[in-house]
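Student: Sequence:
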Amino acid sequence: MRLFWDRGYEGTSFDDLTAAMGISPSSFYNAFGSKEQLYQEATDAYLKATGAWFLDILHGKADTRTIFQRLMTAAATEFTRADLPAGCMISVSGTQCAPGQARLRDLMARQRALSEAAMADRLRQGVADGDLPADTDVDGLAAFFSSLARGMAVQARDGASREKLLEIGRIGMQAWPAGR
1 MRLFWDRGYE GTSFDDLTAA MGISPSSFYN AFGSKEQLYQ EATDAYLKAT GAWFLDILHG
61 KADTRTIFQR LMTAAATEFT RADLPAGCMI SVSGTQCAPG QARLRDLMAR QRALSEAAMA
121 DRLRQGVADG DLPADTDVDG LAAFFSSLAR GMAVQARDGA SREKLLEIGR IGMQAWPAGR
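The sequence shown begins at 1 in my numbering and counts up one residue at a time.
In case anyone wonders, no lab produced these hints; they're calculated from the structure.
Errors might be hidden in some of the hints.
Straight-line distance between alpha carbons at most 20 Å, and here's what the computed SDA-like set of lysine to any residue pairs gives [stated by the list, open to error]:
#	residue 1	residue 2
1	Lys61	Asp131
2	Lys35	Gln96
3	Lys35	Lys61
In this text the structure is predicted, and so the values were computed from the model without any measurement.
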């Protein structure tokens with residue numbers, strides 16, 4: 001997972017994978033079938049790890065604005081952890097692939113869409129709870145915060161500090177709908 005996260009699918013060679021796992025090529029194929037299958041398993045492992053903090057915050061007990069402030073703070077923190085590759089594997093992976101890897105590009109695009117949809121669901125809950133104005137453009141606001149988080153992931157990959165990402169998140173919160 002770390003190799004794919006750090007180097008992307010195409011930037012991670014078969015030799016890199018077998019060396020990192022300390023296994024032979026035949027053991028690799030017996031265990032995973034293909035590099036693409038391993039990538040899908042690595043993506044699933046990444047989603048379980050990041051899904052924990054993302055969904056825990058998104059489904060937490062607080063008003064919607066506080067939830068999104070927490071998401072931006074957690075993204076800044078998670079994307080700059082010293083013990084993991086910078087950024088977000090889903091945000092930075094699969095945006096450019098060879099034509100033969102369209103399935104992987106589509107897999108990553110679906111995952112990005114799912115996180116945006118989860119944000120939209122939480123925003124709809126905020127409208128229903130009355131802590132967001134009824135006329136809030138929920139889908140537009142979800143797209144904004146999803147894009148903000150993805151941009152923070154790219155900034156982290158480029159070496160931005162946690163402090164810079166926290167400031168980006170703080171500024172992004174200024175787009176919150178007025179009225180509540």
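Student: A separate judgement is required for each hint: does it hold in the structure or not?
Tutor: Structure-based check of each hint:
Among the hinted pairs, Lys61 with Asp131 is consistent with the structure: their alpha-carbon atoms are about 13 Å apart, no more than 20 Å. Proposed proximity of Lys35 and Gln96 is supported: the alpha carbons are some 17 Å apart, at most 20 Å. Of the supplied pair hints, the one linking Lys35 and Lys61 is violated, its CA atoms being roughly 40 Å apart against a limit of 20 Å.
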